[in-house]
Amino acid sequence: MKITGLSFLGTTGKFFFLILGLSLVPVLFSGIFLYYLDFRETKIRHDELARQNAYFQAQNLNDLISKIRTDLHLLADMAETRIHDHEFINQLISGYVSPQVIVSGVAVVSLGGEVLARTGQTPKAESITWDISQMEGSRRKECFAFLSKLNGQQWNMIMVQRMMSDSETMFLKAFLPVESIMPVKSLPGSFLARWSALMDHQGNVLSLGGTWSIDEKLFQDYATLSFERDRLVEAEINDNGHSFQVFMMPVAQNLMILGLAFDFYDFTTGREPLGTAILILAAGWILIMILVSYLIAQRGADYLARREVCLQAMNEQVVEAGKMASIGELASGIAHEINNPVAIMVEEAGWMQDLLEDDTQLAGTKNFEELSRSLRQIRQQGRRCKDITYKLLSFARKSDSRIQEVDLNALVQEIAAISEKRAKYAGVKINMDLDPSIPSIQTSSTEMQQVFLNIVNNSIDAMERKGGELTISSKQDSEGIHFRFSDTGEGIPKANLGKIFDPFFTTKPVGKGTGLGLSICFAIIQNLGGKIIVTSQPGQGTTFHIQLPCPEKKPGDILIQTE
Amino acid sequence: MSLAKVLLVDDEVPFVETMVKRLSRRDFDLLTAYSGQEALDVMERDPRVDVVILDVKMPGIDGIETLKEIKLRYPLVEVIMLTAHATVESAIDGMKLGAFDYLMKPAEMDQLVDKVKRAENIKRHKEERIAEAQAMDIYHRRGD
Chain B
1 MKITGLSFLG
11 TTGKFFFLIL
21 GLSLVPVLFS
31 GIFLYYLDFR
41 ETKIRHDELA
51 RQNAYFQAQN
61 LNDLISKIRT
71 DLHLLADMAE
81 TRIHDHEFIN
91 QLISGYVSPQ
101 VIVSGVAVVS
111 LGGEVLARTG
121 QTPKAESITW
131 DISQMEGSRR
141 KECFAFLSKL
151 NGQQWNMIMV
161 QRMMSDSETM
171 FLKAFLPVES
181 IMPVKSLPGS
191 FLARWSALMD
201 HQGNVLSLGG
211 TWSIDEKLFQ
221 DYATLSFERD
231 RLVEAEINDN
241 GHSFQVFMMP
251 VAQNLMILGL
261 AFDFYDFTTG
271 REPLGTAILI
281 LAAGWILIMI
291 LVSYLIAQRG
301 ADYLARREVC
311 LQAMNEQVVE
321 AGKMASIGEL
331 ASGIAHEINN
341 PVAIMVEEAG
351 WMQDLLEDDT
361 QLAGTKNFEE
371 LSRSLRQIRQ
381 QGRRCKDITY
391 KLLSFARKSD
401 SRIQEVDLNA
411 LVQEIAAISE
421 KRAKYAGVKI
431 NMDLDPSIPS
441 IQTSSTEMQQ
451 VFLNIVNNSI
461 DAMERKGGEL
471 TISSKQDSEG
481 IHFRFSDTGE
491 GIPKANLGKI
501 FDPFFTTKPV
511 GKGTGLGLSI
521 CFAIIQNLGG
531 KIIVTSQPGQ
541 GTTFHIQLPC
551 PEKKPGDILI
561 QTE
Chain X
1 MSLAKVLLVD
11 DEVPFVETMV
21 KRLSRRDFDL
31 LTAYSGQEAL
41 DVMERDPRVD
51 VVILDVKMPG
61 IDGIETLKEI
71 KLRYPLVEVI
81 MLTAHATVES
91 AIDGMKLGAF
101 DYLMKPAEMD
111 QLVDKVKRAE
121 NIKRHKEERI
131 AEAQAMDIYH
141 RRGD
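Protein chains in written order, with our numbering: chain B, 1 to 563; chain X, 1 to 144.
It should be emphasised that the hints constitute simulated quantities derived from the structure, not laboratory data. Mixed in with the good hints there might be a few duds.
Partial selection, computed: residues in chain B whose CB lies under 10 Å from chain X [to be verified]: (1) LEU22; (2) PRO26; (3) ASN340; (4) MET345; (5) ASP354; (6) THR360; (7) LEU362; (8) GLY364; (9) ARG379; (10) TYR390; (11) LEU434; (12) ASP435.
All of these numbers come straight from a predicted model, not from anything done at the bench. All residues carry an ideal CB built from backbone N, CA and C; glycine is no exception.
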C-alpha cells in the first residue's frame with residue numbers, strides 16, 4: 001500500500017515539475033524576444049534621432065555657428081553705431097532662425113540698456129526690446145525680460161536677469177524654460193535651462209555656468225572662460241553627456257550677443273528606454289526561474305532522499321519478511337518431518353528402558369546404570385528436539401488464530417504481572433506508562449501475548465546480571481499505536497542488531513534459547529500489518545518499538561465523533 | 001485382565017509397533033491401524049474398543065475426519081488426539097468434536113498411560129450409567 005502511495009506521489013510530482021519547467025521555457029524565450037524587439041525599436045528610434053540630430057548639428061548648428069561667427073563680427077563693427085537700429089538687429093537675428101533649428105536662441109543683450117532677443121523656431125521673427133536700465137531702479141534683483149512669446153503658441157523665451165551690478169562686474173542670468181517642446185517624440189516632458197555669466201563692464205565674461213534639468217533631473221556644469229572683446233566664445237556645458245552650447249560675443253561695452261544651441265541627441269539617452277523595463281522583467285524571469293529550478297532541485301533532492309530512506313526501510317522490512325516467510329516454510333516442513341522420527345526414537349528408547357527394567361540379570365550392574373543413563377539422555381534430547389520443532393511450527397504457523405477485540409493495555413499489564421516474579425528475582429523494576437486512550441484492536445490475543453511476553457522476557461534476560469528497569473509505554477498518533485519496551489540492560493552489539501530477528505539467532509548458552517522468540521514476534525507483528533524496530537546502545541539498554549496500525553473506524557464512529 | 005482395549009492409529013509403522021510393545025507391557029490390550037479408514041474397519045470388526053489414540057496428520061482420511069466418523073458411529077468411545085501440530089487450534093478443534101484429550105508427539109509414556117486410563121474410566125462410567133438407566137427402565141416397565 002505504501003509503495004503505490006509513494007510512487008503515485010512521485011509521478012504527479014515529476015509531472016508537476018516537468019510542466020513547470022516546460023512552461024518556463026516559453027516565458028524565458030518570450031522575454032528574450034520581447035527584449036530583442038524593444039531593443040531593436042529603441043535602437044531604431046535612437047538611430048533616427050541620432051541622424052536627425054546629426055543633421056541639426058551638422059547643418060543647422062554648424063551653419064548657425066558659422067553664421068554667428070561672421071555676423072557677430074559684422075555686428076560688432078556696427079554695434080556702436082547701430083545698436084538702436086531695431087530693424088537691423090531684427091534682420092540680423094532673423095538670419096539665425098531656421099525652422100530646422102529646434103532649440104536655439106539668440107539674444108542680443110545690450111548691457112547698458114536694451115536686450116534684443118530673438119529665439120528660435122518661428123520663421124517669423126519678432127522681438128521685444130526692453131531696456132534694462134529703465135527697470136533697474138524698481139526691480140533691481142528681479143528684472144526679467146520676457147523676450148519672446150512668439151505668437152503666444154511657442155515655447156521659447158529667454159529671460160535675462162541682471163542680478164547685480166557694481167562698478168567692476170555685473171552678473172547676468174538667463175533663463176530658458178521650455179515648457180512644451182517641439183513634437184519630437186523622444187524629448188522629455190519638461191526642460192529647463194539656465195545659464196549665468198559674470199562679466200565686467202567691458203563685456204568680458206569671467207565665468208559661465210549652466211544648470212539644466214530634464215524631467216526634474218538636474219545637470220550642471222560651469223566653465224571659467226576669459227573673454228575678450230570682439231571675440232566669439234563658444235562654450236559647451238555638459239553633464240554626463242547632456243549639453244548645450246553657448247555662444248557669446250561681447251561686441252561693445254554694453255552689447256553682447258548670446259547664442260544657445262542644444263544637443264538633443266544626448267537628451268534622448270537621458271530617458272529610460274522601454275528596453276530597460278523589459279530587461280528588468282527578463283532578469284526577473286531568469287531570477288525566478290533560477291529560484292524555481294533551485295527549489296525544484298531542492299525539493300526533488302529532498303523527495304529522493306526521503307524516498308531513499310523510505311525505500312531502504314521498506315526493503316529491510318521486506319527482506320526480513322521474505323527471510324521469515326521462506327525460513328518459516330522450511331521450518332514447518334522440517335518440524336513436521338522431524339517430529340515423527342524423533343517420536344519413534346524416543347519411543348524406542350522408552351521401550352529399551354522398559355526391557356532393561358524387566359531384565360533381572362542386568363539389574364544392579366555397572367552396565368545397567370550406564371544404559372539407563374544413556375536412554376534417559378536419548379529421551380531428554382528427544383524432548384529438546386520436540387521443543388525446537390514446536391517453536392518452529394508456531395513461528396511458521398499461518399495467522400489463523402482467532403481474531404477478537406483485544407485491549408492491548410490490559411494485555412501488556414497482564415504480561416507484566418506474569419513476569420513480575422521473574423523480574424523480582426532478576427532485580428528488575430517494571431514501570432508502566434500507558435496511554436489509556438488507546439483503542440482496542442482486532443487481533444489474536446494469544447499472539448499478542450506471545451509477542452509481549454517474548455520481549456519482556458528478553459529484556460529481563462538482558463538485565464539479569466545487574467538488575468535494572470524496564471519501562472513499558474504506549475501511545476497513539478496518526479501513524480498508529482505504539483508500544484515501547486525500554487530496558488537498561490547490557491544492550492545489543494551493533495553487529496548483532498541486524499540479526500536479532502533471524503530465526504535461530506541467539507546469544508544465550510546452548511540449550512537455553514532456541515533463537516526463535518523474536519522471529520516469532522516479528523512474524524506476528526508483520527502479519528498484523530505492523531512494524532517492530534529495535535534500537536540499542538551497548539551498555540545502556542535496548543528499546544523495542546512496536547507499531548500497530550490503528551483500527552479502521554466504522555462510519556458510525558465517525559458520525560458520533562463529528563456530532 | 002487388560003486395563004483397556006486401545007486402538008492405536010498412526011501412519012508411522014515403526015512408531016505404532018514400538019508403542020504397541022510399550023503399551024502392551026503396561027497391561028493394555030492393543031489394536032493397530034495405519035490409516036483412518038483402517039481404524040474404522042477395525043472398529044467395525046471389534047466394537048469393544050474403549051479408547052482410540054489417533055494421529056491427526058495422516059494421508060487419506062485425516063485424524064479430524066476419522067474422529068468425526070468414530071464419534072458418529074460409536075459415541076461412547078473416547079478418543080485421544082496425538083498431534084504434531086502444537087497449535088492450540090487443532091487441539092481445540094479436536095476437543096470440540098468430542099475428543100477426550102490431546103497429546104503432542106513425542107508424548108511422555110506416563111502422560112499417555114494416565115490419559116488412556118482416565119478415558120477408559122469415563123467410558124466405563126458412562127456405560128455403567130447407561131446400564132443402570134436401562135435396568136431402571138426395565139424395572140419400571142415391569143412394574144407397570
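*Which numbered hints turn out to be false for this structure?*
Failing hints, ascending: 1, 2, 6, 7, 8, 11, 12.
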